[in-house]
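Asks: Sequence:
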Amino acid sequence: MEHGRAGCGHGTVFRPGRESRAAGNGSKAAATARQPKRARVAGEGWGQCRRRLCARVRPRHQRLGFYTPTLLTPAPSLRPRLPWWCRYLSQYWTTLDPAYDPQKLLCKGTGAMMANSFGDDVAVMAKMGTYGLQGFLGAKPDVRAFYRSQGTRYDGFREALLPDRDVFNQYVMPWVFAPKTWISVGCGTARDIEFVIEHVQSTDTRVYLVDLSDALLDMAKERVAKLGLGKQVVCIEGDINTEEVVSQLPKGGADFVTCSYCLTMIPPWQQALETMVRLTKPGGYMGLIDFTTKEAGGAWQALYKWWFANDGVFFNREQVKWLHSNNQLEVVWYKEAEGRVPYTFLTPTHYTFCAKKK
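According to the working numbering, the sequence shown is numbered sequentially starting from 1.
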């Protein structure tokens, strides 16, 4: 039996029609109503006042959604009946799975930083503008030519455009269970591998990189070769929704199935999610990081949807709802955050998600 104390972290738990700070009771309004009042009610004894304040404060610190994904993975439970004076030090207990390897809580990537010059970024944005204009005028853009033309500038610009990929790969996905197989859907240039290369090497993980673009896969193969992972990595060109691609993946499913900023670029996204669930073995983990819109909507969210749609990226809140309503998935972690688009005032919302397949 393991136990530990933890301070407040941060996170959100999805609820249909709303978001709240964590897995506690009530809505945001109710949580605000529970905030302690500074003044003592007239005629109330100090003992009553103390109990009232503790009753209001305690639920906030008992919500696991405040903590990091590494603490949520072992599925801890709150230790009950703590004395009133230490309720801000919430304690959680859990029985660790024998496969749980705490040495994999921390991970060293390659440390490589992708950065463009201003001129490189301008070239990428010009190409994105041209691509969007083609779609606006009704022409069918050439996706392969679009990526091939960007070359090595691709990673540099998207390092800032697509935030939290390092956090997602290193900490949201539970490497503590030493996955032996990993399918990366929409792998792009295989940048994700660099964030967790230490885990991939020490665990001897077999990685399957799937992407529709031959140009991006060529860049992925170059990266894999430089990392010395040629024997562990299989590159597959094609649509994840086709049986031709699925037939080249592990028959019994994979321990990890991830998709980084790709789902919003797949028109039949529901079919893609169903395929990803099918490719995740029972007891395995499926994780995504991608853009979405806020539940409340509004003019800013409409602007983000329009802006990114011109580049073939379609924000859709229904994707988040689908992930949380699927009865084959047990949600381990979900969080939303905002990131700034380079050289603009735009701050679209993105989410990190991880679920265990039942």
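For the record, the hints were derived by calculation from the structure and aren't laboratory data. Check the hints yourself; a few may be wrong.
Unchecked claim - No farther apart than 25 Å at their CA atoms in a straight line, the calculated lysine to aspartate or glutamate pairs in the DMTMM-like style are these:
no.: 1; residue 1: Lys-251; residue 2: Asp-239
no.: 2; residue 1: Lys-180; residue 2: Glu-274
no.: 3; residue 1: Lys-305; residue 2: Glu-318
Claimed, not checked - Simulated restraints on C-beta separations:
no.: 4; residue 1: Asp-97; residue 2: Leu-303; range: 40 to 50 Å
no.: 5; residue 1: Thr-95; residue 2: Glu-244; range: 35 to 45 Å
no.: 6; residue 1: Lys-358; residue 2: Trp-307; range: 30 to 40 Å
Ideal placement from N, C-alpha and C gives every residue a C-beta, glycine not left out.
Asks: For each hint, tell me whether it holds in the structure or not.
Replies: Now the hints, each set against the structure:
1. Lys-251 - Asp-239: holds (17 Å)
2. Lys-180 - Glu-274: holds (22 Å)
3. Lys-305 - Glu-318: holds (13 Å)
4. Asp-97 - Leu-303: 40 to 50 Å: At 45 Å between Cβs, range holds.
5. Thr-95 - Glu-244: 35 to 45 Å: At 43 Å between Cβs, range holds.
6. Lys-358 - Trp-307: 30 to 40 Å: holds (38 Å)
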